[in-house]
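Student: Sequence:
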Amino acid sequence: MRLRFTKMHGAGNDFVVLDETRQRHGLTPAQYRWLADRHFGIGADQILTVRPAPTPDVDFEYVIHNADGGEVENCGNGARCFVRYVHDAGLTAKRRVRVATRAGVLTLQLQDDGRVTVDMGAPVFEPAAVPFDPAGLQPEPLGDWQRWPLPLPGVAEPPRVAVLSMGNPHAVLRVDDVETAPVAAWGPAIEQHPRFPRRVNAGFLQVVDRGHARLRVHERGAGETLACGTGACAAVVAGIRLGWFDETVEVQLRGGRLTIEWPRGRDGLGAHVRMTGPAEPVFTGEVEVPDLP
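Anchor point for the sequence shown: position 130 equals 130 in this note's numbering, and the numbering is continuous, going up by one each time.
Treat the hints as calculated values from the structure; they're not laboratory data. Keep in mind that this is a model prediction, so the values were computed, not measured. There could be a bad hint or two in this list.
Cβ-Cβ distance ranges computed for the label pairs, FRET-style [said to hold, decoys possible]:
no., residue 1, residue 2, range
1, 138, 243, 16 to 24 Å
2, 263, 136, 33 to 41 Å
3, 272, 94, 18 to 26 Å
4, 43, 209, 32 to 40 Å
5, 212, 55, 34 to 42 Å
For glycine and all other residues, C-beta sits at the position ideal for the given N, C-alpha and C.
Construct all of the structure, not just a fragment, from the sequences and the given hints.
Tutor: Have a look at this one:
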């Protein structure tokens, strides 16, 4: 099968974007893994697919597959690349589009400077909805929320994590310095922790001041990436609830900077999170995808 594709990145979080507005390619999980492979395929953290609108109230369907071939609910950096792609490809003339995802509807706004603002919706805090199993754990109250101890193999003092969903599950833990944080050691253990039945994205958050943060994220099904949009949103929301941040925070990731806003002072816990950041095309090409079951 020969496919046309566009390679894009959002703050270093990189994607292969496919157009299925005319016909479905019918790719298997193994073929998604091949496309994401940096040695034998194109290389990407996620594969993003543009599909026709499933209902009249949205413009497109937005489908995300991780590098391991599994379909996931949301990807914030990918959403920015999505709207840049459909605009550049002539699939729409709108600068504000609504897209259907497995996690709900997202509103995406292409700015005049090329950056994109995404309405990421409201965060979800109910453990069962994340999903997270807190049975038998004693939370630590902090701010107007709490952190949960998460025992890890070989770790004497369990890290304390804030747990929430931004359409996909996140566990956020505060560290003194992201450069020395145990991302490689703890990230996979947190991702696969039995308390998270659908696995989880692990965010390692350094609080610089009330308006600035540094962040590294071990993503579910992808490993550590240069940026994670939903991870930045989750980290800022957690930091606001725990008393560390104001309502607008500049988040520095290894691949670039994102601006995250959560106006909870005005709208309470149901306030929508807004994320603004870059979305850049890298190259366009064609690739022969092997027949993989």
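Student: For each hint, tell me whether it holds in the structure or not.
Tutor: The hints, checked one at a time:
In this structure the hint that residue 138 and residue 243 lie 16 to 24 Å apart at CB holds, the actual value being about 20 Å. Our hint of 33 to 41 Å for residue 263 and residue 136 holds, since their Cβ atoms are close to 35 Å apart. The supplied range of 18 to 26 Å is met by residue 272 and residue 94, whose beta-carbon atoms lie about 20 Å from each other. Remark: the range hint 32 to 40 Å for residue 43 to residue 209 is upheld by a beta-carbon distance near 36 Å.
A hinted range of 34 to 42 Å for the beta carbons of residue 212 and residue 55 is consistent with their spacing of about 39 Å.
No hint from the list above goes unmet by this structure.
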